[in-house]
Amino acid sequence: MAINQSREEREQRVLSAFAQARQDGLRFRAEGLGHRRRQDRDPSPTLTYDMRDWDQVVSYQPQDLVATVGAGLPLSHLNRLLSEHRQWIPLRVADGQDDTVGGAVAAGVDGILRGGYGSFRDRILGLQVLTPGFGSIRVGSQVVKSVAGYNLPRLFIGTRGALGVITEVTLKISPKPRVSHCWIWRGPLQELLGHAREAESLAAPWATLAFIRDWDQGLALRAEWHGRQQTVDYLVERLGPGQADAPLEELASVGEQVVLKGALPRRELGSLLESWGDGFLVAEWQSGGFFGITSARNQAEALIAWIRARSGGVEVLSGPNVGPDHAVPLPEVWRRLKESYDPDGILG
Amino acid sequence: MEDSLIEALKMAVGARYLVLDPMALLTYCCDGYTLAEESPRAVVLPATVEEVQAVVKILSAANIPFLARGAGTSLSGGATPLNGSVIIHLSRMNKICEIDVENRVVVVEPGVVNVHITRALEPYGYYYAPDPSSQQACTIGGNFAENSGGPHCLKYGVTVNHILMAEVVTGAGEVVRIGNLAGEPEGPDLLGLVIGSEGTLLVATKLWLRMTPKPQDSQTVLALFDEVGEASQAVSDIVAAGVIPAALEMMDQLAIYAVERGAYPVGYPPGLAAVLLIEVDGEAHEVPAVAEDVHTVLSAHQVREVKMAATPEEKARWWANRKTAFGAMGLISRQYYVQDGVIPRSRLPEALSRIAEIGQRYDIQIANVFHAGDGNLHPLLLYDERDSDLVERVIAAGSEILEACVQLGGSITGEHGVGIEKREDMRRQFNDTELSAQYAVKDAFDPPGLLNQGKLLPSAPTCFEAKPAPVQSS
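Chains S and U are the protein sequences, given in the same order.
The opening position of the first sequence corresponds to residue 1 in my numbering, with each subsequent residue numbered one higher.
The opening position of the second sequence corresponds to residue 349 in my numbering, with each subsequent residue numbered one higher.
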């Protein structure tokens, strides 16, 4: 069982799998819990490697607000450990799915608390990565601030293992808030936008100001404050009683779903909520981040084009990889990086 | 430089904006890091992206190295020209192009001074968060190149967290936009990669920055300690108590001695070993409670006094005293050499003790002024350049301090960059394979290697090959 193996032994297993894939003419894909699997347009025979036993906590010093963990550790497990010290990773993905830490990094996942806590990618301080070109490399650092060399972790966040397999992640941790309180309003978009603006005028930043468009096209605004009781008392006085907590809506399966994630300039969020069509959408007002599901491929394609035309960023997080390809800026740069990090092109 | 090249550059930017006079070029021989100096081949001052593009194409075709420069406040030699480089000085590209309040985006040219952005945003209730101590002079283009931080990056993050999109000119003279207005990368985050690349990958010509809402309120707490160890422990305990201050700064005895002789004396009592300056900010009802928590944590230590700023003027004076600490060193020493290592916050007591031991061993006076909250140390090694033996000892001691930072699990630089100064120190933090992976980035962006030569990476990697062979399993 891998639990007793050293990191070097585990790394050797992955490197052997690289060699096997190369020899057999296969693509290599590392996999965690599998919630963010994207169906390639041109599927190649693939060697899938299960990373779930890379689940160790390598180091955690609560006073530093930094933890280094194996890529296969589920975020829920990590948060259980951190909660013993009243700390957490404030990543709450709108579909409520758990992710491995490495999977969340590789897929570029973000959540509805992005407005209040910053983006998940900004928490990633360092990575241990296995690359076909260079072997095992540490990129970034294990402290909250470092500008030593190029910011290489950015090459591995959201690139789905195209340059290397993430085996360890060093993350910035947050203290848990003393109190949290939630307000939910339902109604037409313009009314909800008024609530969002009022909330922002009273206090900032909110943990989230999330517009939720449910499967029946009903609209709600979820405002969550994380902080001190004094502020909650003030907000209750101004906004009404609210509630201590409220679960996010359960997401039902609707067959072959296209899950999109990304962000839009704030000005465009209202239009996004109006034009989403069938499906489910959460759009965070402060950050412009969104997470949406649709079961119609042509609708997903149209949405992707619409978002890009408004200088937003969007990607298929899971499901069929539809939509026009994003034109990567500096394609020659990317090609040369790919040649260096993955000379035989075995990674996806 | 060849006459034809001179004529081409004059055509590109106008004769007035090409500097060739050796006396005028002396101004550009170094930046804030003065231990290395070299004259540039020429300086060009373009005013538009088209002019930058034309200059880059001319230099690239002639295989002449070049670098962009802003205000030259870098403390690691990032803006010092090497190997006969031409400097592209971006000071004429200094416009704030657009303030888009609805999208919370401000669009600026690279030559805009950092603090001018915040001043421009003030009427709208916003500011630009990264605030390097040099913010009165440093430009946003330089901040982009260095991924600059500042006292308030503890809570608000560094430059890379505040740039959404960039217009850049590549080494081949291509103009490209990286990123989008939403700050959401699709696929590889090339923008995040090039921020902090010290001008070695491309030249930024326009930047889209995040506007941060001004906090409703803030409070500054000052704590006076008789022991450095107690102050260091208090830093960790504040964070462990669940408080993320906007800033958490520390000065030791020698630094206090200097700042009290500077332009903004606070009137610290004699004999203090350390001062902590803590700023908390946020929603108006929350700030007094958080400040009270900080006061409680500090008071649980052996502390001589804990004070809350009673007036905005008092608060401003405390911060002016701290922010001018580097300059105040000039009042007690002819020169100083500042280091920039980072250590895990919990190792602060050990790090300070090792710095003191290194200072004693090399017989050097070291003042410490630093961002304690994120473990970013700024030991200031005092010296006199006329004493060559002392200069050598200072350089050796500085390098040993960086080694100590790495041994404690930290980094050789938190915000000043590698530049010329710490190129060889990169080997302390990264092994040969890891450095090769970094060289691959340089090679991917700038195959001829013309952009800001001799910076950021060690001079001669021991095992790098441009096209590495696949790693074999054993």
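Treat the hints with care, as some may be off.
[What the hints assert, rightly or not] In silico lysine-lysine, DSS-like type, Cα no more than 27 Å apart, as pairs:
(1) Lys503(U) - Lys338(S)
(2) Lys663(U) - Lys358(U)
(3) Lys176(S) - Lys562(U)
(4) Lys176(S) - Lys503(U)
(5) Lys554(U) - Lys443(U)
(6) Lys663(U) - Lys503(U)
(7) Lys503(U) - Lys358(U)
(8) Lys562(U) - Lys172(S)
(9) Lys503(U) - Lys172(S)
Just so you know, the hints here were simulated from the structure itself, not pulled from any lab data.
Here is what the structure says about each hint:
no. : hint                  : result
1   : Lys503(U) - Lys338(S) : violated (35 Å)
2   : Lys663(U) - Lys358(U) : violated (50 Å)
3   : Lys176(S) - Lys562(U) : holds (23 Å)
4   : Lys176(S) - Lys503(U) : holds (15 Å)
5   : Lys554(U) - Lys443(U) : holds (10 Å)
6   : Lys663(U) - Lys503(U) : holds (19 Å)
7   : Lys503(U) - Lys358(U) : violated (46 Å)
8   : Lys562(U) - Lys172(S) : holds (24 Å)
9   : Lys503(U) - Lys172(S) : holds (12 Å)
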